[in-house]
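Position chains B and C relative to chain A; hints supplied.
Chains as they are written, first to last, in my numbering: chain A, 257 to 610; chain B, 120 to 544; chain C, 671 to 1139.
It is possible that part of the hints are untrue.
Covered by chain A, according to a simulated footprint, are these stretches of chain C (three or more residues, beta-carbon under 8 Å) [said to hold, decoys possible]:
no., region
1, 911 to 923
2, 1079 to 1091
Counterexamples of contact, computed for chain C against chain B with all Cβ distances above 12 Å [to be verified]:
no., residue
3, R692
4, E718
5, P772
6, L841
It should be emphasised that the hints constitute simulated quantities derived from the structure, not laboratory data. Built from N, CA and C at the ideal position, the CB exists for glycine as well.
Residue-level listing of the chains:
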Amino acid sequence: MVRPADVTALQELVREYPCVWPRGGGTKTGLRPPEGAVVVELSGLRGVVEYDPGEFTFTALAGTPVREVEKLLAEHGQYLPFEPPLAAAGATLGGTLASGLSGPGRYRYGGVRDFVLGVRFVDAEGHVVRSGGKVVKNAAGFDLAKLFVGSLGQLGVVVEVSFKVFPAPQAHATLRVEHRRFEEAWEVLRALYASSFDLEALDLVPPGTLWVRVAGRGQSLGARLERLRAFLQGRGEVVEDDAALWEQAREFRWVPAGWALVKVPLTPRRVVALEQELAPTDSLRRYSAGGNVGWVAWPGSPAALSEVLQRLELRGLQVLGGGGPAYLGVRGPEPFAARVKRALDPVGRFGGSF
Amino acid sequence: MLHEIPVSRYGPTGPRMARAVEACVHCGFCLPACPTYRVLGEEMDSPRGRIFLMKEVLEGRLHASEAAPFVDRCLGCLGCVTACPSGVAYGELLTPYREYAAGAVRRPLLDRWLRRLFLETLPYPRRLRAAVRLARLIQPFSQRFPARLRPVLGLLPRRLPAAPRPARVVLPQGPRRARVAVLAGCVQQVLWPSIHAATVRVLARNGVEVTVPPGQGCCGALAMHSGEGARARALARRNLRAFAEDVDAVVTDAAGCGSAMKEYGLLFAGRPEEAPARALSAKVRDVSEFLHQLGVQPPPPLAVATRAVYHDPCHLLHAQGVREAPRRLLGLVGNLEVVEPPEAELCCGSAGTYNLEHPEVAAELGRRKVRALLATEPDLVVTGNVGCMVQIAAHLWAAGRPVPVLHTVELLDLAYRGQPVPRLT
Amino acid sequence: MDAAQVVAGLRAIYPAHRVLARPAELAPYESDALTAFRARPAAVVLPENREEVVATVRWCHRYGVPFVARGSGTSLSGGSLPVPGGVVIALNRLNRILRLDPEERIAVVEPGVVNLEVSKAAAPFGLYYAPDPSSQPVCTIGGNVAFNSGGAHCLKYGMTSNHVLALEAVLPDGEVVRFGGESLEEVGPDLVGLFVGSEGLFGIALEVTLRLVPKPEAYRTVLAAYRSLEAAGEAVAQVVASGLLPGAVEIMDRLSIEAAEAAVHAGYPSDAAALLIVELEGEEPEVEAELEELLRVVRASGAYEVRLARDEAERQKIWKGRKSAFSAVGRLSPDYLVQDGVVPRTRLGTALAEIERLSREYGLRVANVFHAGDGNLHPLILYDGRKPGELQRAEELAGEILRLCIRLGGSITGEHGVGVEKRQYLAEMFGPRDLEVMRRLRQVMDPLEIANRGKMFPAAREPEPAGVR
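Chain A with its partners taken away, still in its complex shape:
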């Protein structure tokens, strides 16, 4: 493992070694370097480069811990709505981008891909390349910033990111709605999904617990909760410590130590099929973002889970490690991705294949 002190040092390292793999806070233990790759630790590339609260954008080096940025934003009444996961555990901006992970708050305004504005990265030949910009709207050139979301460091080493931010809500509140059976909870989730309620988060923890979070101006929160409870036919109790609850969720504290955690992109309808398969197993599940993502905690190696996913024509990403490949489930040929890889990293400097 090597630790460059700055971008120039990083460039030299990339030119020097045949295969390198970037590492941020090391929080996504399910993501492992390719065989023979030199791990480049980026904690030295850290710090906010530019932040003008009036602009609602910031630029920071990739190794900057998410926690640090969120604290700075909070001081100015701003936040990242998509709640990068594992921030308390030490996640960095670069790692968040490269792993493409978003927290439960992605439900309202979008995930990490919807907030990234621009990147600078070191390419396979050691040059620093810029894409996108620092302003919230930009249609110039190809959108490589988006491309890097979820790229797992296989297209280049991100050194700097620009994000847009939103004004932080004045107040939050969460309803916990208990159901006896999963099917009932899912029906209610569907009804909320179709409604015009502006929810910050909508999570379902099997068998039947629904977590519904609202946020906004303090003076209207009460009325909104009333209407929500009326919609839920009077069910749902307001949770005491809303902040702690969602902190737990985004830090995956419900995942037992040593277990694998797999992210499975879903849609509300696909949630049912997956739950049916997994309910009889020892796994723990949490369906987040209105049913658009399933977080599956699996004891031991997730090979069996991968088979289930494959059967259901789903894909998965092993976020917290149980061993084995990062990508699970369906793995077909991806000609478009393969071309992108060929263009950006023809020599395989960054490992991986599509």
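Leaving out everything else, chains B and C in the frame of chain A:
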């Protein structure tokens, strides 16, 4: 849009055509409003494309015959004018252009002969009546005739109504509030004379003295919109003389005629008759427009609750900008629910002689319009133009749902007289 | 290959009437909404299904014939400008909505579907398609995808790229690929995000999966009139600083107000130097609470007249004026160039003052309409192409404005894309290595450079504007 049109070459209408081209910024907002673009799906058959083609022809870069198929297919519905944010006066480009092109384009013999037939027959009620009778005779043998003729035969009414004897002057009921001259129309007199009768009665009932000046004739719309400028002017001159008397308004009950008469100023641009033509145009009102402006006594409610779907004739909605008046008038009738059809802005395909000269496109539009009207599950179709009524009635029949079709004034008239409204049994 | 051979080759794929080759058929396709540029293609084809599109691309690749895909031709940057002697693939007949799944909140559409039609189809389910470029009654989804179109309401929920979930596309060398998925989340790199906004250089989208969102329960639309453009710009800063997140924040200046008013009679306060439109959207109690704050801020910001739309009809009227503004400007001038620069929001005032100065310096009027909420400017440079040299001056002025945007740390294009119009400025925004990486991506997708040749990337030679010949 930039252009190099040698404006002076085109006489008094040259500057009007050039101005329309200049106003166009090629933004394309007119495309969804154009019925032919919706049906044909190609840029040449869109207002934006036609403006471009007409510009190219006027600049001398294209020959008029090359642009002819596309410009000919334009309905002249002016739906594009309503949709255009830049204020392109498309009608002021199309009508003079067609007159220019008529001289420059050599059409196939059958087309010329058919057009001649329409222009010599339709504007003259006696000839039209005779022609219709003849056509009904040969209708059973229509398969033997050229395909171009069959749609004409298909649009003929089942029964030719009795020839009316319109009165010259009709006195108002009660104190006189206004005095108007009414255009009796040409095709309407033969195919749907009840409209004129209803117009006169409704006006009289509301205190309007009606005169139907003798010596009037066809407004010239058909000729004007086919590029037959000289013929149109000849017909219009007759009306300039017939309607010379000072009245509060010159009232028409056919949207196509009203729109043509409001264009008399353009028709005579740069000519000696320009001033009286503009003066006459300024006095023209559609009957719904006039009645709404005047204010009418609400008729008694209908005996039976009735749902009517209102169809906007393109020459009333787009060409004359009259949208609210007929709706307000119908709104005064109790026990009448007036509903709006989807795609209200699209032409029904009648557009003068369009359904005779471009039968496929017209039929597609007719079918589309009838689908939209029937979607509202109406008891009645109400509209303000005889051309639309013939087209819609024919396509309702073809669709197996012959819902009755009435003119706005016919419905008002029935309500005033406490007569039952026709229903589909 | 000459034009006749191109036509002959395409006639093997299409019935004759769907290969347009005569001058009168080709002329209307020579330009899009950027009328300063014209180019004559060898042929225009009118495919009616995806197989024909794929066959056409493969044919073009086989013979090295450049092609340009076209939706409704409303691009403001020359995106659908033909390549001289090339093929135009008109996609407007691929206009079916293949699937609309209200429960999953997705719509799968062909590229020729008109933007607004998606929302119309979704409306009965209480859903809509959020990105709303002003040309939405005309523009197609395919075009929106190519240019990552924005619109007034993308402040809160993003642009086209944030609403496309999956794509099937034919690459310029003829391979058909699928990427993305129906989920809002994903594993793997965001390939959809890369394709959206690639300006046709990566091929043609055949099938687009769109994200639908529930219609907001309530809107509150505020119209405020100011005696100066600066004051309106300042008000925007204050609205944003107050912590509100409106659905849309727009500004129009005097010239554009005049044009819009003449076009649609929206009833705007006559005499205003600038109009600010702020629209809140969301749950009823929330927008009511936000409205209180908004009105307080707006009233304190020096507006001399403040109006609140009382119902949906009034709200539509306010927007109609704003959305017609570009085209309506055609009433004020024989021609215009519309720019699309972005500046950091806090530099809006500076940018506007500088544009005004440049306008005086070049002797050309500039109307301003813009998405004040995200600093996206749309200066409309009015000119009369018949006056010698005026088009050129207009283009120079446009260039100065773009450079200004770059200088202030913004972008040369917020949503209209680079196209033909701004390609020379790409090199001012990105360094040589940045462009090299982009070129490599282009190369791997399109080795023969037949897809939208001559666009986006700076060329050796300046493109030929149509001008007055």
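Evaluation of the provided hints:
For the region 911 to 923 of chain C, the proposed coverage by chain A is satisfied: 4 residues have a C-beta within less than 8 Å of a C-beta in that chain, meeting the threshold of three. Only when three residues or more bring their CB closer than 8 Å to a CB of chain A does the claim for the region 1079 to 1091 of chain C stand; here the count is 10, and the claim holds. With a least CB separation of 7 Å from chain B, C:R692 falls inside the 12 Å interface cut-off, contrary to its annotation. The claim that C:E718 is not at the interface with chain B is violated, since a C-beta of that chain comes within 12 Å of its own (minimum 9 Å).
Residue-level check passed: C:P772 sits 20 Å from the nearest beta carbon of chain B, beyond 12 Å. Non-interface call for C:L841 relative to chain B: holds, since the shortest CB-CB distance, roughly 26 Å, exceeds 12 Å.
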